[in-house]
Amino acid sequence: MTVGVLIIAAFMIIPLVVGFFAASKSTKTSEDFFIQGRGMGAVAVFFTVAATWWSSFAFLGSNATFYTSGPVYLTALAWNLLFGFMYYWVGKRVWYLGKRFNYITPSDLLGDFYNNEKLRMVVAAILLIFTIPYLQIQLTGGAYLIEVASGGVIPFWFAALIFYFIIVIYVWVGGIRAVAWTDIIYGALLFFGMLFAGIYISQYLGGPTGLFKSLLENSPEHLTLPGPLGTSGYGQWFSLFIVTAIGAFMGPQIWLRMYAVKSGKLFNLMPFLLGFAAIAYMGSVLTGFSGVLLEPDVANADQILPIMLTKYAPFALASLILAAGAAAAMSTANSQIHAISTIVTLDIYQRYANPNASQDKIVKVGRISLVVFSLIAYVMALTVPGVLVTIGIAALAGTAQLIVPTIGAISWRRSHPTAAMWGLIGGVATVLLITFIPAFSAPLGFHAGVWGLLVNSILFILISLKLKRTDEKVVKRFDEARFDYNQEYHPELIDDSIETRKSI
Amino acid sequence: MLSKYPQMKKWLYSMLILVFLILETPFILMANAAEPFVLGLPFFLFWNLLWWLIGTILFFIAYLTDWGSKSVKAKSKSK
Chain A
1 MTVGVLIIAA
11 FMIIPLVVGF
21 FAASKSTKTS
31 EDFFIQGRGM
41 GAVAVFFTVA
51 ATWWSSFAFL
61 GSNATFYTSG
71 PVYLTALAWN
81 LLFGFMYYWV
91 GKRVWYLGKR
101 FNYITPSDLL
111 GDFYNNEKLR
121 MVVAAILLIF
131 TIPYLQIQLT
141 GGAYLIEVAS
151 GGVIPFWFAA
161 LIFYFIIVIY
171 VWVGGIRAVA
181 WTDIIYGALL
191 FFGMLFAGIY
201 ISQYLGGPTG
211 LFKSLLENSP
221 EHLTLPGPLG
231 TSGYGQWFSL
241 FIVTAIGAFM
251 GPQIWLRMYA
261 VKSGKLFNLM
271 PFLLGFAAIA
281 YMGSVLTGFS
291 GVLLEPDVAN
301 ADQILPIMLT
311 KYAPFALASL
321 ILAAGAAAAM
331 STANSQIHAI
341 STIVTLDIYQ
351 RYANPNASQD
361 KIVKVGRISL
371 VVFSLIAYVM
381 ALTVPGVLVT
391 IGIAALAGTA
401 QLIVPTIGAI
411 SWRRSHPTAA
421 MWGLIGGVAT
431 VLLITFIPAF
441 SAPLGFHAGV
451 WGLLVNSILF
461 ILISLKLKRT
471 DEKVVKRFDE
481 ARFDYNQEYH
491 PELIDDSIET
501 RKSI
Chain B
505 MLSKYPQMKK
515 WLYSMLILVF
525 LILETPFILM
535 ANAAEPFVLG
545 LPFFLFWNLL
555 WWLIGTILFF
565 IAYLTDWGSK
575 SVKAKSKSK
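Chains as they are written, first to last, in the working numbering: chain A, 1 to 504; chain B, 505 to 583.
Hints in this document: simulated from the structure, not taken from any laboratory. Glycine included, C-beta positions come from ideal geometry on N, C-alpha and C. Any given hint could turn out to be false.
Unchecked claim - Here are the simulated distance ranges between beta carbons: (1) B:P530 x A:K213: 24 to 30 Å; (2) A:R100 x B:F564: 25 to 31 Å; (3) B:F564 x A:E472: 38 to 44 Å; (4) A:E217 x B:L543: 18 to 24 Å; (5) B:F524 x A:A42: 24 to 30 Å; (6) A:K118 x B:L522: 27 to 33 Å; (7) A:T470 x B:P530: 40 to 46 Å; (8) A:K265 x B:V542: 35 to 41 Å; (9) B:F524 x A:K118: 34 to 40 Å; (10) A:R414 x B:F564: 45 to 51 Å; (11) B:P540 x A:R413: 48 to 54 Å; (12) B:V542 x A:L465: 23 to 29 Å; (13) A:N218 x B:P530: 26 to 32 Å.
Unchecked claim - With a straight-line Cα cutoff of 16 Å, these simulated EDC-like cross-link-like pairs (lysine to aspartate or glutamate) come out: (14) A:K361 x A:E31; (15) A:K213 x B:E539; (16) A:K99 x A:D471; (17) A:K265 x B:D570; (18) B:K514 x A:E492; (19) A:K99 x A:D484; (20) B:K513 x A:E492; (21) A:K99 x A:E117; (22) A:K364 x A:D32; (23) A:K262 x A:D32; (24) B:K514 x B:D570; (25) A:K361 x A:D112.
Next comes chain A alone, as it looks inside the complex (with noise of 0.2 Å):
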């Protein structure tokens, strides 16, 4: 038990020490502190976008989706495939767009492409309101890990408070950099503790193979779609593909991750390498299903992984274990928080409440929005119980929304305001009524997420048909970007190009 408390005290200092490390690197700028200036480099731009892209949603929820519902889980397959080709399609033109207009938050492009205030402010709204309770998920995960790892010794409200209070200081003294410096040791921890969890525990039934066989003679509906509770079909594989990968590609916190990075190159590689990545999700697999043949009896499956653990492997390599499950979460919340601040001090503080603000100012009010939000994640890490995968579902479904918008940005001249605002509220109404209203539960089977995507992007679509932009200058501005665009990396478009400019 002591190893395990040391190996959490470990877990938690080497964050400190980076931070303090990358803090000394900094300069005293906002775009420092909130997106390095622009100048991250390979390893750390991968390591931080997988390792915040993997949450404790896919540290614990993975293994408890195996073990309660199935194969359904094997669908994140496919959405990491999707989540890395939207880094290099839609990420690297945001990039792009960044560089080119200076662009910090979300709300930045998309305000100034759609040329309107209110659009402005809603987007910054559904980016707080969304990921917040996506943000106690990763608390409440954390925390758990932390209590099973120490034997019980810490409680759950204290586990989850050290755990804000080390993120809060390093990414106080050392904005995104700090941030992306221990994201890729937890990264690397995370990786190899999922899969390395899995080989371990499957030894127990005679490695991979013999788990299969075995599990295919005692409870051979873990093997196939809908699963042995039978409500994880077709609806629920796809509604995961889409409102996961979507979701999460659309948060702030990666948003922020693809103005930071350095070369437009970075942007072509990226999908193998977080393709590559989901490989790591065949140690849930094992872990998974390993507990349905050694413990079918869990009540919450979110702990099925550290209950394995605990039980079945020494002590040591348990706790490293866990403190990488620690490390999923640790690396999305510490992101979050981050970019949450970032989104308060630049879209709220410095737009609407003092514009003139020094960039000491600036980066003082990121630093105290940081505590405050913590805190609020915090406090509903305490008070709002619920199943990890479904809490991050819903917020996830919340966020996604922007993807259309988004998409109209980078890519139609016909885009309108209006219809990206009807687009938005139509979509997030549409996620709130099914979710919260019970009599439209997830109709055909299909997530709420997957319906306010489908509404949305209707409206949008008609509406920027019907309409007509009568603000020239911008989209004009943004058909130029697009035009240095393609002939910077797509020069084969350019002749296309060349002659749509003409018909202007």
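Please build the complex by placing chain B on the supplied structure of chain A, with the hints as guidance.
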């Protein structure tokens, strides 16, 4: 308009679309079976891993060919 795209780009994007169609349309239900076991894995798991692997390899090829926009290479080198 499509004819202006380089062959490589067309091939890459068609293959990627194929991977997503196989994995995420109701077509996936045709592979929804525990048996036969392939390489020691239940069929459904094997099928998903297979197409995931193909997708990942496609991403690697995409990286090597600058996502089918070859001429970029020459350009960025000259910078």
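* Asked: Against the structure shown, which of the earlier numbered hints fail to hold, in ascending order?
  -> As far as the earlier hints go, 6, 10, 12, 16, 21 and 25 are violated by this structure, in ascending order.
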